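From first to last, the protein sequence lines stand for chains R and P. Using the working numbering, the first residue of the first sequence is number 1, and each one after it goes up by one. Using the working numbering, the first residue of the second sequence is number 1, and each one after it goes up by one.
The set of hints was computed from the structure by calculation and includes no laboratory data. It should be emphasised that the depicted structure is a prediction, and the values quoted were computed from it without experimental measurement. Think of the CB as a built atom: it goes at the ideal place given N, C-alpha and C, for glycine as much as any other residue. Each hint should be verified, as a subset may be incorrect.
Said to hold, decoys possible - Here are the simulated distance ranges between beta carbons:
id, chain 1, residue 1, chain 2, residue 2, range
1, P, 109, R, 273, 39 to 47 Å
2, R, 184, P, 8, 36 to 44 Å
3, R, 136, P, 5, 25 to 33 Å
4, R, 231, P, 141, 43 to 51 Å
5, R, 131, P, 3, 32 to 40 Å
6, R, 132, P, 41, 49 to 57 Å
7, P, 101, R, 118, 21 to 29 Å
8, R, 231, P, 65, 41 to 49 Å
Stated by the list, open to error - Simulated pairs of lysine to aspartate or glutamate, EDC-like, Cα-Cα distance not exceeding 16 Å:
id, chain 1, residue 1, chain 2, residue 2
9, P, 111, P, 46
10, R, 104, R, 256
11, P, 111, P, 165
12, P, 4, R, 119
13, P, 4, R, 122
14, P, 111, P, 101
Spelled out, the chains give:
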Amino acid sequence: MSGDSTVAYALAFARALEAAHGIEVPPRATWLRALMAELERLANHLGDIGAVCNDAAFAMMHAQCGHLREQILRVADACFGHRLMMDRVVPGGVERDLQRDGEKQVHSLLVQIRRRFPELVELYDNTASLQDRTVGTGVLSPALVRQYGCGGYVGRASGRCFDARRTPGYPPYDTLKFEVPVLEDGDVNARLWIRIREVEQSVTLIDQIVQQIPRGPIHELATLRTSEPSEGVALVEGFRGDVLVWLRADAEGSIERCHLRDPSWFQWPLLEAAIEGNIVADFPLCNKSFNCSYSGHDL
Amino acid sequence: MLFKSLVHGPLTEAAPAADDGGLAELAAQVDRAARQRLGRTLSIREVDAGSCNGCELEIHALNNIVYDLERFGLRFVASPRHADVLLVTGPVTINMREALERTYQATPSPKWVVAVGDCAQDGGVFAASYATVGGVSAVLPVDLHIRGCPPSPTALLRGLLALLETVQTGAKATPLAASPPAES
Chain R
1 MSGDSTVAYA
11 LAFARALEAA
21 HGIEVPPRAT
31 WLRALMAELE
41 RLANHLGDIG
51 AVCNDAAFAM
61 MHAQCGHLRE
71 QILRVADACF
81 GHRLMMDRVV
91 PGGVERDLQR
101 DGEKQVHSLL
111 VQIRRRFPEL
121 VELYDNTASL
131 QDRTVGTGVL
141 SPALVRQYGC
151 GGYVGRASGR
161 CFDARRTPGY
171 PPYDTLKFEV
181 PVLEDGDVNA
191 RLWIRIREVE
201 QSVTLIDQIV
211 QQIPRGPIHE
221 LATLRTSEPS
231 EGVALVEGFR
241 GDVLVWLRAD
251 AEGSIERCHL
261 RDPSWFQWPL
271 LEAAIEGNIV
281 ADFPLCNKSF
291 NCSYSGHDL
Chain P
1 MLFKSLVHGP
11 LTEAAPAADD
21 GGLAELAAQV
31 DRAARQRLGR
41 TLSIREVDAG
51 SCNGCELEIH
61 ALNNIVYDLE
71 RFGLRFVASP
81 RHADVLLVTG
91 PVTINMREAL
101 ERTYQATPSP
111 KWVVAVGDCA
121 QDGGVFAASY
131 ATVGGVSAVL
141 PVDLHIRGCP
151 PSPTALLRGL
161 LALLETVQTG
171 AKATPLAASP
181 PAES
């Protein structure tokens, strides 16, 4: 598993367990889960956008994006009591509700991002020396992406239109309006633009969530069916791509086996293909544009 | 945008917002202690001994413009051979044990080991896993533990201050071979 995708992993694990035991999660809990997941996506994408530019020695993007990322983590802390929102998604629902002025905090965060992010996008788009490093660098072919079933921004930058929030989909995304950006170029620039577009989509998603979130309980006290062993599987869209969790519970409800599959499984092998023929100095750019997880792969 | 950056004040929290508690005070303390003991620099080598990368995110945040660790003379280096402090995260996995030991051996004395996060303390949620040998102290002499899952950047700063003060007073058993360099 990977600590930067803690919400995605907790959500995938909870959904797999809920599938195994047939637990219905209260609507408000699914909306709060989505709010956390989108905050996580925002924070990580902003961190990545800055870091990719930093690897082209464009430190200003890094500084600005890092500042925005810090604001998101602080709002997450204020809303849910943890900067990375660890242990907030639990089987059956969520561990805690939004703190009292949470909606206000989220709203002012969105105002800030909407004000500052377009300027950063413009700066990226209009800086020729930066574009020179990212456009046409580390090209990954759509055929390889399809062959490996590679998800996330790596897949979507190379023409594979897959997003677990759409297919197979899970609530509340079926009632929310959002687009899944796809590009064909497959270079560092395309992977950066996918992230930029996804930041914009996450902002609109969070906006919808805060406005439409239903009231009600946030946790279902599960009555486990303990008569027979059961299995559950879930696919959740983390910021890096689709996180899969499979588990098997025994007759008492204890977990017998559990497998967590990080999106990096299908991205690490393709990094090798993407760097082929590129100069050594571009390796950090290629690598950061993939931003595969070490711990997601090994832990 | 570039012009705005020139005329706009820095985003670094020299006088941090109220929600950040005693960061300014803490910052000043770190600064004083670091200068007294080590002139202006303390080099840190981060070692991931098997963490989930959560601690790395917050350690990384120390370098952002809000916390701006380098203003205190604390900086991250790319090799243990350049380091005064090893900042170790994660439960020590069996596969990383030897790498961690070799990193320690490659670090020149005087040196200090800081274990960051609950996993580094005692294995945390990974304790008793077949793939881990436990906390950092199972492998190396640890001078300081910074708790948290993960510890916030403020907690990390506070921890580094504690280390600097320990170093200064010589309270720990760690041999202090070098005398404090004179301030320039």
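Starting from residue 4(P), check that the Cα of residue 122(R) is at most 16 Å away, please.
14 Å, holds
Within 41 to 49 Å or not, the Cβ separation of residue 231(R) and residue 65(P)?
The hinted range 41 to 49 Å holds for residue 231(R) and residue 65(P), with Cβ atoms some 48 Å apart.
Does residue 101(P) sit within 16 Å of residue 111(P), going by the straight-line distance between their CA atoms?
13 Å, holds
Look at the Cβ atoms of residue 132(R) and residue 41(P) and judge whether their distance stays inside 49 to 57 Å.
At 35 Å between Cβs, range violated.
Per the hint of 43 to 51 Å, is the separation of the Cβ atoms of residue 231(R) and residue 141(P) within bounds?
46 Å, holds
Sort out whether residue 256(R) lies within 16 Å of residue 104(R), counting only the CA atoms.
43 Å, violated
Does the Cβ distance between residue 101(P) and residue 118(R) fall inside 21 to 29 Å?
50 Å, violated
For the pair we were handed, residue 4(P) and residue 119(R), check the Cα-Cα distance against 16 Å.
The given pair, whose Cα atoms are some 11 Å apart, holds under the 16 Å limit.
Given the hint of 32 to 40 Å, is the C-beta distance from residue 131(R) to residue 3(P) inside that range or not?
21 Å, violated
Residue 111(P) and residue 165(P): Cα distance at most 16 Å?
14 Å, holds
Check the following: the C-beta atoms of residue 109(P) and residue 273(R) are separated by a distance inside 39 to 47 Å.
45 Å, holds
Is it true that residue 184(R) and residue 8(P) lie within 36 to 44 Å of each other by Cβ?
38 Å, holds
Hint violations for this structure: numbers 5, 6, 7, 10, all remaining hints satisfied.
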